[in-house]
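There are 2 protein chains.
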Amino acid sequence: MEVIKTVLELKSWVSEMKSCNKRISCVPTMGYLHEGHLSLIKRAKEIGDVVVTTIFVNPTQFAPTEDLDKYPKNILRDTKLAEESGADVLFLPEAGEMYPDGFSTSIELGGVTKLFEGEIRPTHFSGVATVVAKLLLLTEADSAVFGQKDYQQTLVVKKLVRELNIPCRIVVAPIVREKDGLAMSSRNVYLEKDDRNLALGISKSLFRTKSLVESGEFHAKSIEQYFRTQLLDAGITEIDYATAVDAENLTTPEYFKKGDTVVLLVVARVGGVRLLDNAILDIP
Amino acid sequence: MEVIKTVLELKSWVSEMKSCNKRISCVPTMGYLHEGHLSLIKRAKEIGDVVVTTIFVNPTQFAPTEDLDKYPKNILRDTKLAEESGADVLFLPEAGEMYPDGFSTSIELGGVTKLFEGEIRPTHFSGVATVVAKLLLLTEADSAVFGQKDYQQTLVVKKLVRELNIPCRIVVAPIVREKDGLAMSSRNVYLEKDDRNLALGISKSLFRTKSLVESGEFHAKSIEQYFRTQLLDAGITEIDYATAVDAENLTTPEYFKKGDTVVLLVVARVGGVRLLDNAILDIP
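Protein sequences appear in the order of chains A and B.
Sequential numbering from 71 applies to the first sequence in our numbering.
Sequential numbering from 71 applies to the second sequence in our numbering.
Okay, chain A solo, but in the shape it has when bound (with noise of 0.2 Å):
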């Protein structure tokens, strides 16, 4: 595995890619891998001749009072995750590469942008769209991979791609658990042993809901109910938001019917660390 720091080496080793006409597949990641990360590396891998992961901790998504200071790292560890999952580029390059002297560029989306996350962090998805199409476009990759665990991310990056015709086919894997349920996130780490405890009942809860919704409840707002109290009765009360809406632009009809693609989403504060978790599921 080759690691790359500069936009002028990689784009050197995109040309080379191309001119043997290998088809290219991007994972871009904050780094600290988890398996979750692997998953979709090793799910880039079946896709492209030759994956690209990209670790950038991209200040423009990260709004002054968040934690892009602490965001979590580890290179080391991570450079040999990449490589043994099947990475053929670690790209990592610093934040003056992405942005030199005088740029001013921002891609808006809005739409489902400015839903959830959007309303909590406004200023997170257009830094997000940003980034991600400049290393789209950098890699010159034919496909990409994200995880569904960041499911409005997944939404805001098609969008992105077929509303300016990058052409990149984005690929979603399913969300990776730790053995009891908790969903993987580099934040994890964070949480001390209680509160590590207390994080589960958010899959729980999460769970339970989707077993409801399963069962037969298709009006949103006893499916929302039901959800916040699985949660509260789970110890977690700092609920920025717990809620059922269509998959595909996260509105809420008064009840989901057959042939509806619901999606759960669920993030809540525990010990001060924010966790998101979802689920997707067809009414049948």
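Be careful, since some hints might not be right.
You can't tell identical chains apart in this list, so a pair holds if it fits in one copy or across any two.
[To be verified] Think about it this way: if two alpha-carbon atoms lie no more than 20 Å apart in a straight line, the pair counts; the simulated SDA-like pairs of lysine to any residue are:
hint : residue 1 : residue 2
1    : Lys184    : Gly172
2    : Lys228    : Val77
3    : Lys228    : Glu167
4    : Lys143    : Gly166
5    : Lys228    : Gly166
6    : Lys228    : Gly172
7    : Lys228    : Pro170
8    : Lys228    : Ala317
9    : Lys228    : Asp171
10   : Lys112    : Val246
It should be emphasised that the hints constitute simulated quantities derived from the structure, not laboratory data.
Since the model is a prediction, treat every value here as computed from it, not as a measurement.
With chain A's structure known, arrange chain B on it following the hints.
Okay, now just chain B, sitting in the frame of chain A:
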């Protein structure tokens, strides 16, 4: 030459070209082609193996008060001219192909987009940047050719491509002029006979101001004063701007100095028609 009206057909043609390693060159236009456009198509044909000319009067770069609806049109003539100039494909999308239902993406570039045209037409360059990004990505163009006549637009497109890492080389081709010096423009057709004579004052003032700088006047204010006086003397009174600025960032120093590249920019209205012209020169 193939005439293509849908994104789907265009993408299929593009993959065919890519699969035989053809270098694609793109010439985005708003139609009503004149010798200026044709020179861009010819230049594109020198750089690329195949040329896509696009004709799309992009609604998002016009403000509600502007001349979108009366923008001149002659598709039959354009088709003939594009073919004669060497285009391999003419892409003629309807607005719904470029902006399907639910479309809400825009690219904001900041910087140079805030000056001159960006001050007078605040939403213009966001519309330009978004549609140009879409056209370059749809055509997967290795290169694209733009006319120097819209000088600020060439800076905007270069910034767009550089900052989003769009893998496309931007080539700027010189202004093509009528025999008497008037810069060619699709909007010239709206000039009544007397105004057509009056309009000539724009290029004449531009050339005289260029000579002034070449003869050693480097004081920006004096150059601008001379430029405006020339225009007023020629009967051009509705001047949006007439100025001498740094060719890269469009700012004005007190004095230009050896090694600077200067652009003289002028926009004026003659008989209600907004006309643009410019000239680039190096300080020797």
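Here is what the structure says about each hint:
For the identical chains of this complex, Lys184 and Gly172 are inter-copy neighbours only, at 14 Å across copies versus 27 Å inside a copy, given an alpha-carbon limit of 20 Å. In this homomeric assembly, Lys228 and Val77 come within 20 Å of each other (Cα to Cα) only across copies, at 17 Å, whereas the closest approach inside a single copy is 24 Å. In the homo-oligomer, the alpha carbons of Lys228 and Glu167 lie at most 20 Å apart only across protomers (17 Å), although the nearest pairing inside one protomer, at 25 Å, exceeds that limit. Taking the shortest Cα distances, Lys143 and Gly166 sit within 20 Å of each other inside one copy (18 Å), while across copies they are farther apart (45 Å).
Taking identical chains as interchangeable, the C-alpha atoms of Lys228 and Gly166 lie at most 20 Å apart only when they sit on different chains, with a minimum of 19 Å there against 27 Å within one chain. With identical chains, the CA atoms of Lys228 and Gly172 are at most 20 Å apart between copies only, with a shortest distance of 13 Å across copies and 28 Å within one. Only between protomers do Lys228 and Pro170 lie at most 20 Å apart by alpha-carbon distance; the minimum there is 15 Å, versus 26 Å within a single protomer. Taking the shortest alpha-carbon separations for Lys228 and Ala317, only the intra-copy value of 13 Å comes in at or below 20 Å, while the best inter-copy value is 37 Å.
For a Cα distance limit of 20 Å, the shortest separation of Lys228 from Asp171 across copies, 15 Å, qualifies, whereas the shortest one inside one copy, 29 Å, does not. Within a single copy, Lys112 and Val246 get their C-alpha atoms as close as 13 Å, which meets the 20 Å cut-off; across copies the closest is 54 Å, which misses it.
Violated hints: none; the structure is consistent with every hint.
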